[in-house]
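First to last, the protein sequences are chains A and B.
Take the first sequence: its position 43, counting from 1, is numbered 43 in this note's numbering, and each next residue is one higher.
Take the second sequence: its position 338, counting from 1, is numbered 338 in this note's numbering, and each next residue is one higher.
No wet-lab data here; the hints were simulated from the structure.
Do not rely on the hints blindly, as some may be mistaken.
Said to hold, decoys possible - Result set (DMTMM-like, lysine to aspartate or glutamate): computed pairs, CA atoms no more than 25 Å apart in a straight line: (1) A:Lys-12 x B:Glu-221; (2) B:Lys-252 x B:Asp-292; (3) A:Lys-38 x B:Glu-221; (4) B:Lys-156 x A:Asp-76.
Stated by the list, open to error - Beyond 10 Å from chain A on every Cβ pair, some chain B residues (computed): (5) Gly-125; (6) Arg-136; (7) Asp-146; (8) His-150; (9) Asp-162; (10) Leu-219; (11) Lys-322; (12) Thr-385.
Just so we're clear, the structure is a prediction, and the values are computed from it rather than from any experiment.
For glycine and all other residues, C-beta sits at the position ideal for the given N, C-alpha and C.
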Amino acid sequence: MTDFDIETTAFKLNPQYQFQWEEAQQCHVLLYPEGLIKMSVSAAEIIQRCQQTATLDGLINELNQAFPDAEGLAEDVREFLQDAQRQAWIVAAND
Amino acid sequence: MPNDKHGSSPQTTNGNPENPYIPMWLLAELTYACPVQCPYCSNPLALSASRKNELSTQEWITVLRQARKLGAVQLGFSGGEPLVRTDLEELITEARSLGFYCNLITSSIGLTSEKIAIFKQAGLGHIQISFQGSNRESNKLFGGTDSFEHKVAMTKEVIRQDLALGLNFVLHRHNLHQVGEFLAMAESVGAEFVELANCQYYGWALHNREHLLPSQEQLVEAERVTNEFRDQHQGKMEVFFVAPDYYDNRPKKCSNGWGTTFITVTPEGDVLPCQSAKVIPDLEFPNVRDYDLKTIWQTSKLFTGFRGTDWMIEPCKSCPEKEIDLGGCRCQAFLLTGNALNADPVCDLSPFHHKVTEATEAAQSAPEVVESKALLFRNTANAKTLSADQ
Numbered sequence: 001m002t003d004f005d006i007e008t009t010a011f012k013l014n015p016q017y018q019f020q021w022e023e024a025q026q027c028h029v030l031l032y033p034e035g036l037i038k039m040s041v042s043a044a045e046i047i048q049r050c051q052q053t054a055t056l057d058g059l060i061n062e063l064n065q066a067f068p069d070a071e072g073l074a075e076d077v078r079e080f081l082q083d084a085q086r087q088a089w090i091v092a093a094n095d
Numbered sequence: 001m002p003n004d005k006h007g008s009s010p011q012t013t014n015g016n017p018e019n020p021y022i023p024m025w026l027l028a029e030l031t032y033a034c035p036v037q038c039p040y041c042s043n044p045l046a047l048s049a050s051r052k053n054e055l056s057t058q059e060w061i062t063v064l065r066q067a068r069k070l071g072a073v074q075l076g077f078s079g080g081e082p083l084v085r086t087d088l089e090e091l092i093t094e095a096r097s098l099g100f101y102c103n104l105i106t107s108s109i110g111l112t113s114e115k116i117a118i119f120k121q122a123g124l125g126h127i128q129i130s131f132q133g134s135n136r137e138s139n140k141l142f143g144g145t146d147s148f149e150h151k152v153a154m155t156k157e158v159i160r161q162d163l164a165l166g167l168n169f170v171l172h173r174h175n176l177h178q179v180g181e182f183l184a185m186a187e188s189v190g191a192e193f194v195e196l197a198n199c200q201y202y203g204w205a206l207h208n209r210e211h212l213l214p215s216q217e218q219l220v221e222a223e224r225v226t227n228e229f230r231d232q233h234q235g236k237m238e239v240f241f242v243a244p245d246y247y248d249n250r251p252k253k254c255s256n257g258w259g260t261t262f263i264t265v266t267p268e269g270d271v272l273p274c275q276s277a278k279v280i281p282d283l284e285f286p287n288v289r290d291y292d293l294k295t296i297w298q299t300s301k302l303f304t305g306f307r308g309t310d311w312m313i314e315p316c317k318s319c320p321e322k323e324i325d326l327g328g329c330r331c332q333a334f335l336l337t338g339n340a341l342n343a344d345p346v347c348d349l350s351p352f353h354h355k356v357t358e359a360t361e362a363a364q365s366a367p368e369v370v371e372s373k374a375l376l377f378r379n380t381a382n383a384k385t386l387s388a389d390q
């Protein structure tokens, strides 16, 4: 499921995960069987955009437009998504 | 918290200085009716034979709404066997629309491929199927039902329908040697998540302890087999091994900290900080028919009574480790020492630690052939006999 090349393959949020805003915790969370991950503001910006099919280049472009002053954004996004892939938060879009 | 792994959840707080904790987990024990009769069940020894006082669908929906308002996000539909309820689809639909992540904790008896599809459509995220043995005979012996083939079929069906699946195998001295066989079965059907959970000794398991508690040698061997399997299957399957706390010398936190993370609501609406809390006499259990969950969580004597460390007596009170384990399990303290304020006797600093070591010493003899007659199976007839004896 996690075996895909993030540089060339479209991906999406793992359909077994649930992403939402939590009022009580004042943050976005990612829910999965019997567990929860609290998202930082920047992580939430990325994961939010994975609710539809996304590509690495497309996401970086989109985030660069939304946050033009963010330095080193492309590398941060790539690293975050590589980690998200390892953790199975995102899967190949055609899975 | 008995027989589960949720005790490792991180505590989450809301910044409210009066009670900063959010009840992240709601365990909805929909019914105590169950086709399985596990002699280590976490349900109370006193089981009602009647279902007439169970919460209605509407009452459960009110509970779900109140829990969600408090910030609960994980919801476990449990029991007994939650599939006995005919309103499960409705409850899942409501829970999902409120924003819960829905887990169904089931023996799978009563589950069908059609129901899996319906529950998935309603918003169920995860099904956990419990096994009582790694093959037909032992599953039947310890569960009291001939259900092994059905469990395997339902496991495959959950995977086919692409719903998150966990397998739960409850371990004790008569099936610890089956760990390898169970993991091989789990692998063969494509399970990605397996929990090997040793019995924790409360309720029915405590009553049957002399027949269930494994020897140290058995545990070491089962952990060795598990680790070997993990090494060979890295990345393909996650395997959790939950050891019985009797072999530790420090206790585990009660429910991740009493009244900090978990709310259990019983079939008849009593609200508990953990599934076992009813073993402690003299506690008053507020009911959702009388109070809303916020009042119960924030101010009830039950939830505030053992929250934090102010309630402690020695040796916990002056212990430098008291914030780490919060004195351990209140139920175990009561069950083994007669006083819920005492340190959990798993701790080797407890003056009652010998209560634990006497049991583990007795368990070192080689496992005898199990006599099912020797075990007290969890059913309403045995519950009635027990309450008559008391």
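Inset, instruction - Could you work out which earlier hints the structure fails to respect and list their numbers in ascending sequence? - result: 1, 2, 3, 4, 5, 9
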